[in-house]
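Colleague: Chains as they are written, first to last, in my numbering: chain A, 1 to 669; chain B, 1 to 547.
Hints listed in this document are in silico derivations from the structure and should not be mistaken for laboratory results.
Given the structure is predicted, the values throughout are model-derived calculations rather than measurements.
Every residue, glycine too, gets a C-beta built ideally from N, C-alpha and C.
Hints are all accurate, no fakes.
Derived list of chain B stretches under chain A, where covered just means 3 residues or more per stretch with a C-beta under 8 angstroms from a C-beta of chain A: (1) 48 to 56; (2) 61 to 73; (3) 116 to 127.
Taking lysine to any residue and the SDA-like style, the derived pairs with C-alpha atoms no more than 20 angstroms apart in a straight line are: (4) K383(A) to V121(B); (5) K180(B) to L210(B); (6) K107(A) to L27(B); (7) K86(A) to L174(A); (8) K383(A) to E119(B); (9) K113(B) to G354(A); (10) K309(A) to E226(A); (11) K383(A) to D117(B).
Sample of chain A residues lacking proximity to chain B, with all beta carbon distances greater than 12 angstroms (derived): (12) Q5; (13) V127; (14) K178; (15) G184; (16) V194; (17) R330; (18) P554; (19) T567.
Okay, here's what each chain looks like letter by letter:
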Amino acid sequence: MDPEQINEFVVGYLKKKGFNSAAKDLESYHHHNNNGSSFTSTDYHNDPDLTKLIRSFSQQEDDPTRYREGYSNLRSWAYNSLDLYKHELLRVMYPVFIHCYMDLVGKGHTQEARGFFNSFRRDHEMVHLRDLQKLEGVLAPSHLEEMEFARSLRKSKVNIKISKYSYDLLIQYLQRTKSTLMLGIINEHINFQVYSGQPNSSSDDIEAVTIFGSFQDTANHINQKEIQWGLLEDSLEDRLEKTGGLLSDSEKGQGESKDGDADDSKKRSTEIGKQGSSLKKLKKDKVGNATAKVARLETITVPPAPRVKPELALPVMSTDVEQSILEDLRNRVQLSSVVMPSVSFYTFVNTHNGLNCSSISHDGSLVAGGFSDSSIKVWDMAKIGQAGSGVLQGENDTNDQIMGPNGRRSYTLLLGHSGPVYSATFSPPGDFVLSSSADTTIRLWSTKLNANLVCYKGHNYPVWDVQFSPFGHYFASCSHDRTARIWSMDRIQPLRIMAGHLSDVDCVQWHPNCNYIATGSSDKTVRLWDVQTGECVRIFIGHRSMVLSLAMSPDGRYMASGDEDGTIMMWDLLTARCITPLMGHNSCVWSLSYSGEGSLLASGSADCTVKLWDVTSSTKLTKAVEKNGNTNRLRSLRTFPTKSTPVHALRFSRRNLLFAAGALSKPAS
Amino acid sequence: MSIVPKETVEVIAQSIGITNLLPEAALMLAPDVEYRVREIMQEAIKCMRHSKRTTLTASDVDGALNLRNVEPIYGFASGGPFRFRKAIGHRDLFYTDDREVDFKDVIEAPLPKAPLDTEIVCHWLAIEGVQPAIPENAPLEVIRAPAENKIHEQKDGPPIDVRLPVKHVLSRELQLYFQKIAELAMSKSNPALFKEALVSLASDSGLHPLVPYFTNFIADEVSNGLKDFRLLFNLMHIVRSLLQNPHINIEPYLYQLMPSVVTCLVSRKLGNRFADNHWELRDFASNLVALICKRYGPVYITLQSRLTRTLVNALLDPKKALTQHYGAIRGLAALGHNVVRLLILSNLEPYLSLLEPELDAEKQKNQMKNYEAWCVYGALLRAAGLCIHDRLKIFPPLPSPSPSFLRKGKGKIINTDPHKRKLSIDSSENQSPQKRLITMDGPDGVQSQDQSGSAPMQVDNPVENDNPPQNSIQPSSSEQASDANESESRNGKVKESGRSRAITMKAILDQIWKDDLDSGRLLVKLHELYGDRVLPFIPSTEMSVFL
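Could you build the full structure based on these sequences and the hints that come with them?
Modeller: Quick look at the structure:
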């Protein structure tokens, strides 16, 4: 090859890349060299590989078809690779794919970008459908800048775990075929975490699915933080056990500790070996003593939660309320996979598609509905029950009384919002209702006075969700403005603003110890925030679509989140890992609720079912799963189909009766 | 390129009055239009999700536009989904069906009905994990076939019975068998054959599939054929046979059977001829009732209580016919002595006073009525008598077997007597038995208690005779006995036995009186009401004590 030609290529390349001064320097340098002696530049000019490479840079740099070629070659290679390594290599394809696409868009090749996208999108639709739908709309370089999702993708690197051999295979292939473009993309956007040994089985590649945490590193960093997930010390449950109000409870406590001892001793026995027999005998004796309790023990094997101090000044509970709660706790039905709860269903009829949200008070006696016509309606179910019997008796005079001061209505109408009401929540004793609306305000209502007390302004966009803290007084809200806020009833300004989500914050939930709140967002993550400091302490990555509902287990260790696709994920707050995804619903999970002792999880969905999940088995079994490799660890216990009524709200009462609410919707005809 | 063609942009530009749009500008705008539309849709979907819906509406789009600070598009918030029409002549060209509305029509149209107000309906979705099959819950078929779903929803006003029809095949043989039995019961012409049929019904296995048909048949025929005495009797026989059949579990059908049986017991009129012995039928039915209660009472807790309530209501209603009273009494008597004691004896006095005028042949001229009254009286007497008999029987057995044997023999003798007697009230018997007992205690205390068996009894004879207080009692019983048979020797024997028993029983009776004074009182009361007629029911031994 002619050295002159090569020089031209180099200069052309530099110019194309915008290094004009460098190109000028080179040109002048060459001129200078030509004028003088031309002996210097031969060593690299004579290397044929290098010249080829240089030529490829200059010639094809701008050619949009190169992306398609490179990608389809890489794709067919990956699909033809060894089965053992295939899934790891295929994992690389998706980031390459979207970055190829965005490169094309960024360079203005809209037409080619669309063609490229459409020809390969099918490969990734199964796992990344929603991302693809978003990206599909990106058609101009300006959109890449504007769209948060695209921007975050461009900025960050994707972490991919890959085995050593797969990595070598990939690099070898890329170098052999000289597909520098693909190599460039992979280098630029993928961060390989190479590990030695055999590749992982493809079943547990949850992280492979969610590689799009643009903040994977920060997430990992954040998740290192310590959290106190235990329950509050001196909680009512504690007091209940102390006073011995429930004798069997204290028995259970003993049984648990015994059981724990026994387990420990078992471990030791396997280690020590010889002494094992005597210990086993001991254990047998214990078991013999505890046979009567065995059934109960099985349901509760989690050691009692540690106690933590409240970080907030909590409101003082009146003794009457406390007594009634204690009474409820004493009378609580112990639920398990064998003992199922009763479900009382409140059906809203004649809502004319206007019911946006519903909420049930802690004792199930009050039901509130928020409507798209800005109204809130509160029903007192106790009164409605009386009304029903009154009608049965055929007493006309009583009817008027029951209808109450509102004339003919069976509910209390609360008017004040100026936009659709998106959420309502009852304070624990049921004396207040909070509602949030598209008019960006949160309003506090008294159920006794049937009047609006306070209007909290602070959010700049519709407030999607509002939740009272488990002890009342404080509440949390979240909004389209991508923040969650903590408020107290007596201040009209928020106490804390939690910012960090990359998209709308769609739901919020308090931790039972009041020190944390969890938020679910349209960015497909769930975050846990420290209420006192306002910092994000956990990021849970794994959902594939917007998170719609959250629930915290009563012991504070676990969290469940439900998304738009119908997937429910169980998270361990301590490790920020998904314990198990609960699959079963095929539409939005609107509501989740843990039973009082945390053994069951109820989920209500837009597919018109209420499902009960055995939580103890899914948390317990993780250990077993590691041993057996058995993936069938989740247990759906029961499915209750409703009569074309999507389930909007669920609540376990303190006595473990499950209340559910939903609006009867006529199927579209 | 973009899914929005540049022609669209050009058309829209023209429609809003921009005529000099460069083709390049249209080309540049098209992708941006697509992006903006997608953006709005994304926000609209968020609004939809937060409204807990799965169908996107115009209001969601308005909400999304609001979020972006864009003026909403007015006029589309109709609520319902848009209807698209196919453009004629084009295969995939659609337009929204947007009718022109005349204001005049709108203004003159009558006001639409006010929409129904929102309400809450509460029901059990599940009870302890099991879904009850109530109309509020999704019926089972809905789960299987969603297509049927819609049919149910559209008429959610009236409750729909979701019980599924049960299909089962009845074999030809069974059908014939049922027809034959039914014919026999109806025809009444061949009693011998019918008897055979009843035996078959009571013993054959494999009849269980027919039970619902039989119960249905019986219920139907009883309600229709109240005038046909023979038929009713046949039906009751069938009931009894079904109850007797060990291969049949009749329990689930009792609810259907009981009303028929009770009807045969307490109906005002059974049969239409004078000759029909409806008393017999009532007796028969009462036995059936007792049988059912005995067997299924423990399973159906409410069975007996409901039955007794029905019967007592029939008995205590003075407007009801005497025949009904008779049936009620027989039914209650059949239910056992406790029922009689609680329900009949407590009401005995007022009832008898009510019955009194009917009994009197002079006051009640209607012979039939008079006869009925006597029947009722007899039934009452029998019930009360059996009750008191039972009452006394539950006393602990006497120490020696032979006296009891003796007594039984005597009892029989006495039993036969009073039947022949006419009403004659023995004045002496109006005395309180307790008093007598006290008087008896005196002499008895002298005697040793371990005197028992037949031998001592013989020995006792002379001692007894020396007892003046005992003698003072004796006449009453002996008088009564002699009245009947005028046999001195027998009378003596009675005396003898009574005395001997009195002596040996003393200790036991002491105890019994302590325990159960009220049975004594009861006896007295009964005696006051019935006079001697109650006596046959009292075992001779006890009787002599009381008397």
